[in-house]
Amino acid sequence: MFDFAIAGVSAPISLLVFVGFTVGIVGGFIGVGGGYMVTPALIVFGFPGYMASGIDMTHIAGKGLVSTMRHRQLGNIDWTLALTMIAGTMLGVELGVRVLVYFKQLGLAGIVLLLTSVVVMFSLFLYTQIETRRSHRQMQELNKAGRDPGRELQTSSLPRLFQSIPLRPIVRCRTARVVVSMWVIVLVGVVTGFLAGFLGVGGGFIRVPALVYLVGASTHIAVGTDLVEIVFSGGYGALRHSIEGHVDMMAVLFMLSGALFGAQFGSIATSYVRGPAIRYILSYSLILATFGAVMRLAYVLTGQKVEWLSFFAVMLTLGEMTFLCLFILSLVWFARRHKRGEWVPDWVKPLVIS
Amino acid sequence: MTAGEKDGTVASGNNSLVKRMLSSMWGYWMFLLTISFGVAAAIYWIWLRGSV
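Keeping their order, the protein sequence lines are chains A and B. FYI, in this note's numbering the residues of the first sequence are 1 to 354. FYI, in this note's numbering the residues of the second sequence are 1 to 52.
A portion of the hints provided could be inaccurate.
To be verified - Calculated cross-link-like contacts (lysine-lysine; reagent style DSS-like; alpha-carbon spacing at most 25 Å):
1. LYS349/A / LYS339/A
2. LYS104/A / LYS305/A
3. LYS19/B / LYS104/A
4. LYS305/A / LYS144/A
5. LYS339/A / LYS19/B
6. LYS349/A / LYS144/A
7. LYS19/B / LYS305/A
Think of the hints as simulated: they come from the structure by calculation, not from any bench.
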């Protein structure tokens with residue numbers, strides 16, 4: 001146990017390092033900050049809510065920077081796409097925060113927030129899961145026919161629709177190999193930023209599917225590009241929280257000591273898998289986070305009296321981090337086995353790069 | 001161990017259950033979920049019992 005003087009709590013160092021490491025792996029792999037996992041975990045460890053948000057945001061900024069540098073080396077960042085989207089994201093976040101303040105004044109913020117996050121996360125899970133399963137099946141067929149499915153395959157027709165919008169100026173994103181109206185990118189930034197600002201999260205779990213399914217970027221590029229956004233939004237959030245005195249730097253340092261290794265591993269792990277594998281992990285993370293939010297919603301709606309709901313929310317938060325981390329680690333293990341010509345399950349073959 | 005067992009085309013006794021579980025994505029999902037919630041329960045038992 002370590003006494004965190006600024007936060008005024010005692011918590012085990014090993015747990016903070018564990019959370020930093022696991023969320024680092026997941027964040028580097030699917031391009032999210034992981035606030036929806038870290039903040040509830042820190043609250044469970046005894047940190048006050050505002051302190052949990054501040055610590056989370058500050059560690060996300062540091063971890064995001066490391067992941068971004070790794071993804072840059074892997075060629076997964078489209079700077080044109082990232083910089084064009086930032087303007088829309090900032091506007092969206094500001095709008096989202098204002099709507100949140102309005103609901104706070106009505107005294108409905110807690111329930112509306114949880115309900116919105118349940119609906120958004122569950123809808124994204126459904127779409128991502130259905131589309132990814134379809135892509136996975138097509139890749140399996142190509143694999144059986146002895147043809148290389150390539151690094152990416154996605155079956156949604158939405159990118160074609162959005163790329164055909166003829167509003168000038170048209171932007172050519174060379175790394176992402178996408179030609180699309182600038183207004184589409186800005187609009188995606190505004191909408192995802194709005195949801196992020198309203199829900200009080202970094203928004204990676206909304207932006208990555210939006211970049212894949214609306215803009216038409218490949219999953220690897222969406223992950224790398226989104227991490228650039230996270231460095232900016234996380235950096236700004238860290239600064240704001242630090243000014244308000246919501247950050248315990250010792251807790252941040254312990255989390256970062258795990259996260260820096262995890263984030264590098266997660267980022268490098270993307271080079272072992274094809275696009276649908278990343279989207280699978282993203283959709284699993286969404287459904288588990290949805291269950292967590294449902295538990296918390298039920299806990300709030302029952303007047304915070306049903307203790308087992310709180311207990312299950314704790315288990316779900318810790319279990320989710322471990323599950324996603326194990327899935328990513330095992331995909332890398334399978335990819336290495338497949339490369340060496342050893343046995344791997346049939347469903348894994350189209351998901352990993354051999 | 002036979003050549004078939006070694007390269008995985010034929011499963012030996014203990015390996016067969018694991019391989020059967022691994023060969024379906026949902027089976028693997030459940031396998032990992034069980035381990036993960038076991039780890040979560042252990043963490044709860046060791047560090048968080050009484051404080052949550």
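Hint check:
A hinted pair counts as satisfied when its Cα atoms are at most 25 Å apart, and LYS349/A with LYS339/A qualifies at roughly 10 Å. Using a Cα cut-off of 25 Å, the hinted pair LYS104/A and LYS305/A holds, with the two alpha carbons roughly 23 Å apart. With a C-alpha separation of about 52 Å, the suggested pair LYS19/B and LYS104/A falls outside the 25 Å cut-off, and the hint is violated. For a cut-off of 25 Å, the pair hint linking LYS305/A to LYS144/A is broken: about 54 Å separates their Cα positions.
Among the hinted pairs, LYS339/A with LYS19/B is consistent with the structure: their alpha-carbon atoms are about 19 Å apart, no more than 25 Å. With a C-alpha separation of about 10 Å, the suggested pairing of LYS349/A with LYS144/A holds against the 25 Å cut-off. Distance check on the hinted pair: LYS19/B and LYS305/A sit about 44 Å apart at the alpha-carbon level, beyond 25 Å; violated.
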